[in-house]
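Number of protein chains: 2
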Amino acid sequence: MIKPSQLLEHWQGHRSLTRRVIEAFPEDAFFNYSIGGMRTFADMVMELLGIAAPGTKEIATGKTVQLIEKINHNNQKAKILELWDKSTYDINTYWAQIKPEQFQDSIKSFGQFEGTVWSAIFYFIDNEIHHRGQAYVYLRALNIEPPFFYER
Amino acid sequence: MIKPSQLLEHWQGHRSLTRRVIEAFPEDAFFNYSIGGMRTFADMVMELLGIAAPGTKEIATGKTVQLIEKINHNNQKAKILELWDKSTYDINTYWAQIKPEQFQDSIKSFGQFEGTVWSAIFYFIDNEIHHRGQAYVYLRALNIEPPFFYER
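Protein chains in written order, with this note's numbering: chain A, 1364 to 1515; chain B, 1364 to 1515.
Accuracy of the hints is not assured; some may be wrong.
Identical chains blur together in the list; that is why a pair holds if it fits in one copy or across any two.
Stated by the list, open to error - Taking lysine-lysine and the DSSO-like style, the derived pairs with C-alpha atoms no more than 30 Å apart in a straight line are: (1) Lys1426 <-> Lys1366; (2) Lys1471 <-> Lys1433; (3) Lys1366 <-> Lys1471; (4) Lys1462 <-> Lys1366; (5) Lys1471 <-> Lys1420.
No lab work stands behind these hints: they were computed from the structure. Since the structure is predicted, the reported quantities are computational estimates derived from the model, not experimental observations.
My request is simple: use the sequences and hints to build the entire structure.
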């Protein structure tokens, strides 16, 4: 019903939108603003970076990777965006190594989350959409117009 | 890589979580609370109701449906939840009428949004995750603990 190449393009489309949401934040608000005791968007993006490329690598190689949600970013969005772009490249590289028949295989993502390859990848994407949706509220509260959700 | 029945279960899992997010809102806040000039969660849920079952019906029957984002709810969450459950049933019914080979077909959802059957369904799901993520911020700002994102 959907080809692996289409799912990759779908995901990278979402990642391209998330990149533009990161860009839309003022540097200070990205690292410090939050609502209701939630994490800053920078903290959420570190989680996304910790999941996306490492999670894809784990699926492609079969070797357990650790979930690392902290990055040395020196409060610089440029550093985060650089890591984002490296992840984009790494995801494409590892994706090419996943065999089509692998998507129904069982896996334990990051050595702890049980599921199938497809459900793990869907989780990576859904979790990104979830947190980016939260960032839209942060931007609106900061009186900044976020990018259109339907533009990828 | 993923079977239609698995995608349906994935979607209904998300819809079950969204239902619990609706339940978590106090009646008044559901219809009146918002941040940064955004819509209330009630308004977003009406959009989701206008998309999910009608969009699935359109795919199953091939007959164009109108996008209706307003519902007569009398400011009662119970009415919204009743419509939510009716949609759950309708989605299952129409889903069973979609042929596996149809997912790559081109369609114009609600007579206006061009894509394929799979990309339309992904949009329905992604849009729900996006707005539900926003509702999580509303709940946190209201000092209410939302349901766990990973519980479906």
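Please write out, lowest number first, the hints stated earlier that are contradicted by the structure. Violated: none.
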